[in-house]
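K.L.:
Residue numbers (the working numbering), protein chains in the order written: chain A, 3 to 294; chain B, 401 to 799; chain C, 41 to 378.
Hints are computed from structural coordinates only; laboratory data are not their basis.
Some hints here could point you the wrong way.
[What the hints assert, rightly or not] Okay, derived cross-link-like pairs now, SDA-like style, lysine to any residue, Cα gap no bigger than 25 angstroms in a straight line:
| id | chain 1 | residue 1 | chain 2 | residue 2 |
| --- | --- | --- | --- | --- |
| 1 | B | 474 | B | 462 |
| 2 | C | 183 | B | 462 |
| 3 | B | 669 | A | 142 |
| 4 | C | 183 | B | 669 |
| 5 | B | 436 | C | 311 |
| 6 | B | 592 | C | 169 |
For reference, the chains in residue letters:
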Amino acid sequence: MAGVLHQLVAGLATGGIYASVALALVTIYRATHHVNFAQGEMATFSTYVALTLIEAGLPYWIAFALTVIASFVTGVVIERLLLRPMARAPALSSVGVLIGLLLIFNSLSGWLFGYAIKTFPSPFEATTAKGLLGGYVSAHELGATAVTLAMLLGVFLFFRHTKLGLAMRAAAYNPASSRLVGIRVGRMLAFGWGLAAAIGAVAGMLIAPVVFLDPTMMGGILLYAFAGALLGGIDNPLGAVLGGFAVGVIENLGGAYVVGTELKLTLALLIIVGVLLVRPAGLFGRALVTRV
Amino acid sequence: MWNRRTLLRTAALAPLALKRPAYSAATPGVTATEIKIGNTMPYSGPASAYGVEGTALAAYFRMINDRGGINGRKITFISLDDGYSPPRTLEQTRRLVEEQGVAFLFQGLGTPTQTAVRPYLNANGLPQLFVGSPADKWADPEDYHWTIGFNPSYRTESAIYGRYILQQKPNAKIGVLYQNDDFGRDVLIGLKRCLGEADAAMLVKEVSYEPTDPTIDSQIVTLQSAGADVIITAAIPKFAAQTIRKLAELDWKPLHILASVSSSLTVLKQAGLENATGLISARFVKDNTDRQWADDPGMNEWRVFMKTYLPNTDSTDLNYVWPYAPCVAVTQVLRQCGNDLARENVMRQAANLHDVQAATLLPGIMVNTDPTNYRPIRAMRMQRFNGQRWELFGSLISS
Amino acid sequence: MIAGRAALLAGTTVLLAPLFLFTDYHLFELTLAIATALAILGLNLVTGHTGQISLGHGAFYAIGAYVTAILMADYDVPYWATLPASAVVCAVVGFAIGLPALRLRGHYLALTTFALAVAMPQILKYRGLEGLTGGVQGIVLAKAGPPFGLALTPDRWLYLFALAVAAPLFLLVYNLARGRIGLAMAAIRDHPLAAEAMGIDLARLKTGTFAISALITGIAGSLGAIAVQFVAPDSFPPLLSIFLFVGLIVGGIRSEAGAVIGALFVQFVPDLADQVSKAAPGALYGLALIAVLYLMPQGAAGALRRALAPLLHLRSGGAPAAGTGGRRANPGGTRHVE
Numbered sequence: 003m004a005g006v007l008h009q010l011v012a013g014l015a016t017g018g019i020y021a022s023v024a025l026a027l028v029t030i031y032r033a034t035h036h037v038n039f040a041q042g043e044m045a046t047f048s049t050y051v052a053l054t055l056i057e058a059g060l061p062y063w064i065a066f067a068l069t070v071i072a073s074f075v076t077g078v079v080i081e082r083l084l085l086r087p088m089a090r091a092p093a094l095s096s097v098g099v100l101i102g103l104l105l106i107f108n109s110l111s112g113w114l115f116g117y118a119i120k121t122f123p124s125p126f127e128a129t130t131a132k133g134l135l136g137g138y139v140s141a142h143e144l145g146a147t148a149v150t151l152a153m154l155l156g157v158f159l160f161f162r163h164t165k166l167g168l169a170m171r172a173a174a175y176n177p178a179s180s181r182l183v184g185i186r187v188g189r190m191l192a193f194g195w196g197l198a199a200a201i202g203a204v205a206g207m208l209i210a211p212v213v214f215l216d217p218t219m220m221g222g223i224l225l226y227a228f229a230g231a232l233l234g235g236i237d238n239p240l241g242a243v244l245g246g247f248a249v250g251v252i253e254n255l256g257g258a259y260v261v262g263t264e265l266k267l268t269l270a271l272l273i274i275v276g277v278l279l280v281r282p283a284g285l286f287g288r289a290l291v292t293r294v
Numbered sequence: 401m402w403n404r405r406t407l408l409r410t411a412a413l414a415p416l417a418l419k420r421p422a423y424s425a426a427t428p429g430v431t432a433t434e435i436k437i438g439n440t441m442p443y444s445g446p447a448s449a450y451g452v453e454g455t456a457l458a459a460y461f462r463m464i465n466d467r468g469g470i471n472g473r474k475i476t477f478i479s480l481d482d483g484y485s486p487p488r489t490l491e492q493t494r495r496l497v498e499e500q501g502v503a504f505l506f507q508g509l510g511t512p513t514q515t516a517v518r519p520y521l522n523a524n525g526l527p528q529l530f531v532g533s534p535a536d537k538w539a540d541p542e543d544y545h546w547t548i549g550f551n552p553s554y555r556t557e558s559a560i561y562g563r564y565i566l567q568q569k570p571n572a573k574i575g576v577l578y579q580n581d582d583f584g585r586d587v588l589i590g591l592k593r594c595l596g597e598a599d600a601a602m603l604v605k606e607v608s609y610e611p612t613d614p615t616i617d618s619q620i621v622t623l624q625s626a627g628a629d630v631i632i633t634a635a636i637p638k639f640a641a642q643t644i645r646k647l648a649e650l651d652w653k654p655l656h657i658l659a660s661v662s663s664s665l666t667v668l669k670q671a672g673l674e675n676a677t678g679l680i681s682a683r684f685v686k687d688n689t690d691r692q693w694a695d696d697p698g699m700n701e702w703r704v705f706m707k708t709y710l711p712n713t714d715s716t717d718l719n720y721v722w723p724y725a726p727c728v729a730v731t732q733v734l735r736q737c738g739n740d741l742a743r744e745n746v747m748r749q750a751a752n753l754h755d756v757q758a759a760t761l762l763p764g765i766m767v768n769t770d771p772t773n774y775r776p777i778r779a780m781r782m783q784r785f786n787g788q789r790w791e792l793f794g795s796l797i798s799s
Numbered sequence: 041m042i043a044g045r046a047a048l049l050a051g052t053t054v055l056l057a058p059l060f061l062f063t064d065y066h067l068f069e070l071t072l073a074i075a076t077a078l079a080i081l082g083l084n085l086v087t088g089h090t091g092q093i094s095l096g097h098g099a100f101y102a103i104g105a106y107v108t109a110i111l112m113a114d115y116d117v118p119y120w121a122t123l124p125a126s127a128v129v130c131a132v133v134g135f136a137i138g139l140p141a142l143r144l145r146g147h148y149l150a151l152t153t154f155a156l157a158v159a160m161p162q163i164l165k166y167r168g169l170e171g172l173t174g175g176v177q178g179i180v181l182a183k184a185g186p187p188f189g190l191a192l193t194p195d196r197w198l199y200l201f202a203l204a205v206a207a208p209l210f211l212l213v214y215n216l217a218r219g220r221i222g223l224a225m226a227a228i229r230d231h232p233l234a235a236e237a238m239g240i241d242l243a244r245l246k247t248g249t250f251a252i253s254a255l256i257t258g259i260a261g262s263l264g265a266i267a268v269q270f271v272a273p274d275s276f277p278p279l280l281s282i283f284l285f286v287g288l289i290v291g292g293i294r295s296e297a298g299a300v301i302g303a304l305f306v307q308f309v310p311d312l313a314d315q316v317s318k319a320a321p322g323a324l325y326g327l328a329l330i331a332v333l334y335l336m337p338q339g340a341a342g343a344l345r346r347a348l349a350p351l352l353h354l355r356s357g358g359a360p361a362a363g364t365g366g367r368r369a370n371p372g373g374t375r376h377v378e
């Protein structure tokens with residue numbers, strides 16, 4: 003029984019990783035209804051940029067802030083230059099561009115920063131290495147989870163209670179009507195992308211101290227994050243974060259007791275397929291009904 | 401689509417299809433002044449961290465050439481990227497052989513990748529020398545005469561660990577964390593063979609991970625729940641560092657044995673040196689960051705090589721140390737060939753090395769091969785981490 | 041008519057010329073390119089024609105390869121006889137995947153197939169299936185030699201064999217795309233609701249195309265396995281599916297010639313890019329993908345067709361061929377992949 007509890011706690015810790023990436027995925031989806039395949043690679047690249055700044059001597063939080071801003075700008079630029087012209091195109095075009103971005107960012111990371119694994123500092127270093135909560139959660143993981151939840155709160159409040167947030171939601175749901183009321187839809191889309199890129203950068207910087215930084219850091223994580231986002235509801239930030247934690251726990255318990263550690267990715271695949279078939283809106287998302 | 405005319409035309413020209421490209425039959429890849437050596441490496445893709453070994457190999461041959469080459473011949477070293485994809489390895493290897501006309505292949509990296517080209521090379525009588533993969537399968541002179549490995553295999557290494565455990569902790573409960581591929585499975589097999597039927601029950605839990613797993617926390621928890629008091633970690637550096645750190649976080653202190661591939665000081669630093677205290681491992685090369693080799697003539701030779709031919713590189717990266725000994729070995733093979741550089745003779749000499757020493761090998765460890773022994777290195781020494789460096793202990797263990 | 045005959049002759053010459061001009065090694069590479077082209081052709085059916093985005097076709101390629109490997113290694117089935125088996129297995133699997141895919145569209149389907157591609161190597165490595173798949177060690181295949189004692193090197197024979205297998209399949213897709221089924225697929229791609237309203241059996245067509253598409257890509261995988269003589273989980277990473285996708289777009293969707301061009305691109309770009317930098321191939325694929333989507337939405341094949349169009353029109357001296365499936369009026373003036 004103690005074992006199960008431990009797996010649970012460990013699963014929540016890992017789930018925190020998925021939750022932060024899932025948040026970024028959901029932000030893009032809310033703004034643009036795109037599934038951002040390049041999210042993982044963009045986050046990795048941002049993390050490398052942060053590491054470069056830190057190694058150049060900048061204090062952690064300055065590097066952190068600069069990276070977040072740079073990522074925001076990059077997201078905006080990507081949306082304006084690459085995705086805006088594809089706005090009216092069928093899904094294939096936008097998927098193609100996103101896959102292209104995935105490949106480019108992945109290659110850039112390897113080319114500019116090399117392939118050896120690197121350590122990334124954590125702002126939550128404890129005085130001893132010993133973990134908290136019986137040792138199953140490290141100080142960093144706890145801190146990272148706190149940051150994720152803070153971001154979640156921020157995103158939630160932003161979308162719910164600010165005019166800009168409201169405008170962004172409107173632009174995503176009904177661009178035509180939004181334009182009629184004076185919302186600059188294009189700007190909303192760009193802002194959404196920027197926001198997602200920034201959240202992704204934060205996620206990357208929170209994840210790297212745990213899993214170490216290398217160009218393939220986000221490979222498996224992206225899939226689990228997708229599973230989490232879908233499970234919770236891909237248009238619902240809270241749902242996505244909960245979904246991320248859930249997937250972490252499911253994956254841990256499933257890997258330890260049910261399917262074995264060799265089929266965890268398959269488990270993620272099954273979650274994705276299952277959710278999309280049974281309840282595409284996820285547990286907390288809103289089901290979209292399209293007029294015929 | 402097939403009309404008569406096309407059929408007739410094809411039939412008429414058929415004899416021409418027999419024409420084969422002509423390349424030097426007797427000693428391909430060799431002239432009076434040059435020896436061409438081929439190699440494939442994962443410079444891109446999932447295993448690209450090992451790509452730096454390729455640069456070390458190239459640098460070594462540059463050094464040899466600067467010193468006048470071997471028996472008056474310069475080495476042309478051609479290394480191609482295979483992205484750790486077996487089909488691509490075959491493509492690149494065939495390009496090296498059939499287009500570039502190399503004499504033989506050397507230190508190809510990767511188990512699945514080199515497995516893919518082994519039949520081709522053996523069928524065409526090409527030496528596949530000193531394969532860069534510590535799998536057991538390369539020591540098979542009967543079925544694959546032209547293929548020979550170099551590093552002691554993981555099975556050898558884990559058998560050493562098994563023996564150590566049997567001596568030190570005969571009532572141990574062993575848990576193994578292993579990567580779900582050749583590497584990890586080989587470690588498991590070696591350990592199980594060593595324990596044998598009699599002590600098989602000592603292995604209480606074996607749990608694997610995938611390189612795509614973000615963390616191995618779950619696996620560690622499983623091992624702890626199983627009550628293991630000895631852990632063997634057969635993991636690549638990233639996950640080895642995670643494991644060491646996780647054990648410290650859990651404040652769990654089993655006897656922790658680490659596969660040598662992840663035992664460099666760089667990895668331990670990433671995990672936290674204090675956390676790594678008490679780690680057990682084995683090695684057959686010297687660690688260049690270890691102060692006990694600070695004035696060692698062998699390591700100084702290696703340091704000079706690094707400074708001259710690979711400046712501005714991270715000399716704490718073990719990937720620059722591994723290739724040195726195989727390079728010394730292959731240079732010795734070529735020297736022994738003299739002027740007979742036909743492929744058969746190259747292979748004959750590769751299976752004819754006696755007590756060849758290399759600067760980076762631990763004292764007492766030498767390269768030995770003969771027609772029935774395709775394991776150039778069979779010995780290792782055990783080591784224990786004292787919080788600052790690895791301390792060798794015990795004597796040489798050969799298999 | 042005469043133009044058609046001439047084209048046929050020219051085409052056959054071009055296809056057979058390598059046998060006499062190129063080395064064994066180049067023929068080996070071309071054989072791999074044929075397998076890739078066939079795989080892209082299969083992908084084209086679902087993604088290009090029917091509009092179901094698949095980022096996981098590498099899975100079918102892998103299944104076809106493994107079926108061939110297992111039959112050859114464990115049951116001594118001659119290599120050519122494994123192809124029908126591979127076709128059947130992949131068609132069934134394709135159908136099985138097509139069923140849930142019915143309910144997924146656009147980005148969601150892309151995501152699901154992407155997940156399949158990522159999970160595939162793990163499934164292939166699974167210990168429970170090790171007896172069948174050889175696990176991480178993979179399976180080594182015997183060499184496929186020419187029959188009837190034909191005096192051809194194995195590489196030359198395999199090239200011919202690959203051509204002989206690919207040609208009918210290309211023909212099949214060509215006819216499929218330009219017939220009634222092609223129109224139905226186009227209707228589903230452009231406006232599924234309207235298509236259904238018009239009486240097209242969406243379910244049957246979508247799952248059917250998935251099955252045929254998987255069948256074709258599966259045979260491509262078998263060809264690849266026979267040529268390389270080795271299968272292992274590492275041979276089929278998620279990148280394989282992505283490269284097929286890149287080849288599809290860059291070559292030109294809904295174009296059989298595009299499948300060939302895309303295959304050549306995917307096959308030979310790394311060889312050129314390697315000289316620049318080891319990281320270059322990935323970046324080149326990405327840049328090419330985005331560039332094509334912007335500048336040449338119909339891919340290289342489309343651009344070629346546009347360039348050669350005046351010549352073709354003059355030759356045939358009549359109306360342009362119907363249902364070329366490429367050039368369509370763009371009401372909004374925006375260029376995009378349709």
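K.L.:
Of the numbered hints stated earlier in the document, which are not met by this structure?
P.N.:
Numbers 2, 4 - these are the hints that the structure violates, sorted from lowest upward.
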